[in-house]
Structure formats: structure tokens, C-alpha cells
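Trainee: Line order of the protein sequences matches chains G and A.
Counting along the first sequence from 1, when you hit position 117 you're at 116 in numbering that gives the first Met the number 0, and nothing is skipped either side.
Counting along the second sequence from 1, when you hit position 39 you're at 38 in numbering that gives the first Met the number 0, and nothing is skipped either side.
One or more hints might be untrue.
Identical chains blur together in the list; that is why a pair holds if it fits in one copy or across any two.
Cross-link-like lysine-lysine pairs, in silico, DSSO-like; alpha carbons within 27 angstroms at most [claimed, not checked]:
# : residue 1 : residue 2
1 : K328      : K268
2 : K9        : K265
3 : K2        : K303
4 : K268      : K9
5 : K34       : K363
6 : K21       : K265
7 : K265      : K346
8 : K2        : K268
9 : K265      : K2
By construction, these hints were calculated from the structure, which means they are not laboratory data.
What you are looking at is a predicted structure, and each value in this text was computed from that prediction instead of being measured.
Protein chains: 2
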Amino acid sequence: MFKINENYLKLPGSYLFSTIGKKVRAYGEAHPEAKIIRLGIGDVTQPLAPAIIEALHGAVEEMGEEAAFRGYAPDLGYEFLRTAIAEQDYRARGCDIGADEIFISDGAKCDCGNIQEIFSLDNLVAVCDPVYPVYVDSNVMAGRTGVYDRDTETWSNVIYMPCREENGFAPELPRRTPDLIYLCFPNNPTGAAVRKGQLQEWVDYANRVGAVILYDAAYEAYISEEDVPHSIYECEGARACAIEFRSFSKNAGFTGLRLGFTVVPKELKSGDVSLHALWARRHGTKYNGAPYIVQRAGEAVYTKEGRRQLKEQVAYYMNNARYILEGLKGAGFCVSGGVNAPYIWLKAPERMTSWEFFDVLLSKVQVVGTPGSGFGPSGEHYFRLTAFGSYENTVEAVDRIKNMKLG
Amino acid sequence: MFKINENYLKLPGSYLFSTIGKKVRAYGEAHPEAKIIRLGIGDVTQPLAPAIIEALHGAVEEMGEEAAFRGYAPDLGYEFLRTAIAEQDYRARGCDIGADEIFISDGAKCDCGNIQEIFSLDNLVAVCDPVYPVYVDSNVMAGRTGVYDRDTETWSNVIYMPCREENGFAPELPRRTPDLIYLCFPNNPTGAAVRKGQLQEWVDYANRVGAVILYDAAYEAYISEEDVPHSIYECEGARACAIEFRSFSKNAGFTGLRLGFTVVPKELKSGDVSLHALWARRHGTKYNGAPYIVQRAGEAVYTKEGRRQLKEQVAYYMNNARYILEGLKGAGFCVSGGVNAPYIWLKAPERMTSWEFFDVLLSKVQVVGTPGSGFGPSGEHYFRLTAFGSYENTVEAVDRIKNMKLG
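Extracted from the complex, chain G is given alone in its bound form (with noise of 0.2 angstroms):
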């Protein structure tokens, strides 16, 4: 008789976005007047840039031609986009990373899912809190994590990192030594940034523990300050320990399109085993590589009109970030994130829990974003709003927050 893996029976439900799904139909049933705007998922809106459809164009005819229509895509990835991203996302800002340590997918998020296969089942996770659901949930499948303790909502066998106001949202060295660290800078769901130095700290102390940070950089297109590193191997010492995901949904709008890549640098082993190695026979035996047209898309990202036009778009969406941050702060709100990133990350006023405010701000003013709870313990009192929505819905969703009277 077959068995199932009891593991995901053990994964408490995914009921974060589905709760707020029906809480939104709920309302706008018994309201059908009502105009609600979503600030709450993280998915982009704006269209695909010119440059990115007329390269989609222009592969989608090769397809239909049999003297240059693709079959099967290399096992990493097409070398024209894997040279264009070694060059300009690495070799641009002083990182030592070759095309050749570039592997093709079809998303981080998969990748960040996938990752924890390559890597032994008593592994030590830590993770930072609030975080991405992913980098738990996946270990939680693969039998890494212990027991799920429903009062804290945390697991024995992971280490959780607070990221709260005190510590600037940024964590904390470890007590427990861990052999896998998940960071992501710019953080998603706090919009927080780390300073070179900062992250400096980090590779170092992996280094130091024998761990390996698995770094996801999804975000890195939105920073705008200096001295906050785009790529963790901008640090010394980054290539004997981390591994680096990266996106085309957040820079380039590719949530609908499919897009992103990990890098393995081949210095990073274990003993004799290099982790690249391992990568490449996880992807060359359960993948079957990118759609051709898509990473040609991925290619238009890193041409002179591509890079021009997404500049314009990430500016864009940068715009209703500030606007969100400047409006709520000068409403009183206590906010952060928002310049590094398309999340802006609001205390929920007068110590309401984050879905008490959930309900406060559809209620009053019709506006949907997710509640800080849902990505870890840390997040609780805490609220997300994205930057990803129209200017005008931004600025209507703002203006009516301020102007919200509460109790």
C-alpha cells in the first residue's frame, strides 16, 4: 500500500492570501458600490516594456520558421542571456561570476523551493521573521523542521531571526549555529535594505560556520541608495559560501511571463563535492529549461533600450512607494521600507493586531493590503502595502488612509 509523504500533512494552511480573498468578496458583496483597492499582493500591473514585446515578436517568428526554430534549450540556459547577465549583473559591479555559473529558470521562486533538495536533510535552517513563506514551507515538505508549535507558529527545528523596528528590520547573528541561511535584501515583506558592510558581516560569519547563505536578490532593482549591495557576491568571500537567486518578475514585470536564474559559484563545495554540480544534475534530470522566446525576452531586459524603459517602469512604481511612505508618514503612520523597495511596511496604529487593521482599512476606506502576521510571528502589529499598483488607485488609496478617521 502506498504511502504519502506525512510531511505536508504537518504544514499548517497556506490561508494567507485565500483569507483575504474572501474577506474582500465578502465586503464587496454586501457593498457593491464600493470601489476597493488592492495593495496587498506583490504582483506587478504595468505592461510588458516595447522593447520586451518586439523581442517576444521577433522569437515567436523564428519559432514558426524551420531554419531557426529551437527545440529543446541548453541544460543551463541559452548562452546569449547567461553572458548578458554574467556581464551587466555581475561583472558590472565588480562580482566575479561567470556565465557558466548561471543557471536559467523559470522563476525564484522555484528555485528558492528547489534548492533545499541538494542539501542533507538534517541541515540547520534559519531563516529571518517576518519572511517569504517559500524558504520554510519547502524545508517543511523535505522534513527539515521539527515540530510546528501552533502557539508561537514557529518550528523546533528552525531558527528564526526577528526583524522588528529595534534592530532596523535587519537580523541578527544567530545563537544556534545554522548550516543554511536564507536572506533576502531587499527584504520582502519588510522593504528593509542592508548596508555592503552589514551583508560583509554575514558572509563572513558563514564563512567562519561552514554555512551556506541562499540569498535571494529579487529586489534588487529598486534600491536607490548607495553603498546597498545588489548582489551578495559584492562581498569578499561570497563565492566559497552563497548561492544567489535573482528574477525578471519585479525588474522587467515577468510575474506573468516566467523568468529568473540562480547562481552556483563553482568555488562553493563541500569537501571535494561542488554545489554547482549538484545543481546541474538537479536541473538537468527535473528540468527541461526556460521557453526559448522567454529567455529571449530575458536578453531584450539587458539592451540599451530594455535597460532605458525598465528604468522608467521600476521608476514608476518607485513613485507610489514614495508617495505611500511620505503620505502615511506624514499622517502619523509609522513606516519604513519603500525606498529600497516596492514594499512599505506600517506599524498598525493604536496596537491593533495586523488583521484587526486588515478589517479596519477595508471597512473605512476600501483598501486591501496583507497583514504582517502572515509571514511569521515578527510580523504581527505590522502591515504590507505594495508599490505595485496604478499611480492612481496609489494615490486614491493613500489620500483616503489619511484622511481615515479611526474608532
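Starting from the structure of chain G, add chain A where the hints point.
Mentor: Only chain A this time, still in chain G's reference frame:
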């Protein structure tokens, strides 16, 4: 200190296609004038059909317009595609499969590789021999297969079901009772098909012993004979014991476009737990959907024009298959497959090993195929030719083999 997943180190090298590549390159360098014809890898060569190209262009246009732009896809895939599949691939064949039992993905390879994750590590796996390597390798990586014996090239904890001339390349019910049974019909690499009655026996067996059948139907579009099932759900009781994988790679030439789907019927349960819920959780946590434009391309496969064009494309390849099959049969070779599948399974003459025959074909007539031993011990002395080349190349390759003098 972090530790790697040691199961990866147990994998024997994946040398099949890289060894082929090396041998072909070496021959080409030594004989630069030679025209080498490749009938080895199972990749398509015909361009995408006009209906698909048109759908792609249309969807690309939408992605460039604010009002039509689409971000993250729904978790299971777009309903327009799932409905078309449920209707035409299943209901039209009398199979009771709903659109909400279909999970759209980027290909059958990923799904076949990932499906084992939702099962316990102590399930016993059964595979055909020869076999598509992903089924075994993905279980090795998970730690489910025991110890590898380099002499017999088998794992201690895998049930091998030989598919040889003697049994018409159809597996027999195993003596040890498996928990998970991988079946692929029409078969890669042998090109063999099973009758509906034969498949019904497997479904009855699985229901009797409490096993799950993981049914890979990637080649169903090549079925030309009556009474060969296109889906395992044509068999009674399959909803309670079978998961089916489908691909757009071979029926519509999507190897470079990436689209597939997996059917998990809601009846398929372990106690109270439905495998549908587990797969949905995996999908939701570690995957972000196939690109919108590719799902629209998939939809075009089910339009009247798309169906007509793809029928022609499949006929083109099957015409190649027929030429290979009849040509080699006429020349005295022992051949099978090629009637309901794009693969021809050829017995090497004069008791040659698969690799000896590979070398002979390359050196004497410059034709490249795939040594059957690369697919498992029972593939030894066999050789796979694919029908995916151009007609001209296929004819030339077969004529060369026919006129080849051995010894």
C-alpha cells in the same frame, strides 16, 4: 557545517547523451567532409504550426497593453486551457476528468521528476526496463532506491520489469508488490503500445494491491491503432489509482516552448488525504505557473485549425517512422515500435552490443542513434531511432543503413 544530499552522489554518471555527443564530435573532426545524420535525441524539428504562432503573437500583444496584461497565473493554470483539455483530451474519449483535476505545468519531465515528492520515502518503486531515466534518477535523489550494483546496473530497492521481444515489450505484473508503478505508453524508448485490456489489468492490479500508477502519456498523439488507450482513464477504476502526465512537446512541437499537465483525480486518496490536495500544495509552494502566452499557445492546440495542422505535423513524423520501420524490416533488421510512437526500437545485428552498433552506424554510414543500453540493462543489444528528423534526412539515413555492409 552544512552537509549535502548524499543521495546525489549515488547517481551513476549521466553519460548517455554526452558520450554520444563526444563520439559524434570526434568523428566529425576526423572526417570534416562527412554528412552526419542525427536520429538520436527525441527532439522535434518541425517549426510551430501557424495556429500556434498566431496565438503566441496575439498573447504577446496583450502582454504589452495595460488593460490586457496578465501577471501571476492562477495556481492550477488558466481555466481556458484546463477546460479545453478536460473537454477534448478526456470527456471526448469518455474519461471522467474535470478541469479542476488538471494542473498545467511547464512540461512532463518536471512533473514526472517532482511527483515522487508527495510520497513517503519508504514506498517501493517499479519501473519498466528499459526506461526513461528521470523516473529512476528522481527517486535516487530522494533516497528511495537502495544500493546501486555496478555490474547489473540496477538499484536494490527498485523493481525492474523487463520489456523484451519475448513479452512484446510489455511489462508483466511484478512478483514483489510495488507502491508506485511508473508506466509510459506509447513507450519511450521502445515505441511499444499496450491494448486497453492490458492496461486495464494494470489498473485492476494497482487497485488490488494499493499501488499508484504514474502514467506517462507524452506520446499519445502518435497512436494510430484502434484499441490502444490514449489515457489511462479510459480504464475502469483508474480514477482511484492513477496520475497521468501529458506533454505538448511531441504532439505540438513544444520542446522549446514548454508546456505540459498532470491529472490527479480527486478520488485518489491515502486514507482521508487526497493526492490532489498534496500536489496542489506542492504546486502552490514551489511553482509559479506556465507563462500566459504559452498557455494561450496551448489553447490553440485545441482549436479546429490547430488540431488540423498538428494532425499533419504528427503525420509528417509518422511517415518518417513508417519509412524507417519498413525500410529496416525489408533489409532484414529486427525492428519494432514506430506504429503508435515516434520511436523505432531496433535489435543490433550479429549479437552486437548497443554501443558496438552505435560505433558501426557512425563509422560506416554516419547515422547517429541512441544505444538502448543507456535506458537500462534490458535495453542492451537494442538501439533507438527517432522519427523526429526531416523526411529527407530520414530517407537518406535509412537508405544508407539498408546498403551498409557489416563486417
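Trainee: If a hint holds in the structure, say so; if it does not, say that too.
Mentor: Evaluated hints:
no.	hint	result
1	K328 with K268	neither (46 angstroms within a copy, 52 angstroms between copies)
2	K9 with K265	between (35 angstroms within a copy, 21 angstroms between copies)
3	K2 with K303	neither (54 angstroms within a copy, 43 angstroms between copies)
4	K268 with K9	between (32 angstroms within a copy, 17 angstroms between copies)
5	K34 with K363	within (12 angstroms within a copy, 75 angstroms between copies)
6	K21 with K265	between (47 angstroms within a copy, 23 angstroms between copies)
7	K265 with K346	neither (42 angstroms within a copy, 42 angstroms between copies)
8	K2 with K268	between (35 angstroms within a copy, 10 angstroms between copies)
9	K265 with K2	between (38 angstroms within a copy, 17 angstroms between copies)
In this structure, the earlier hints numbered 1, 3, 7 are contradicted, and the remaining ones agree with it.
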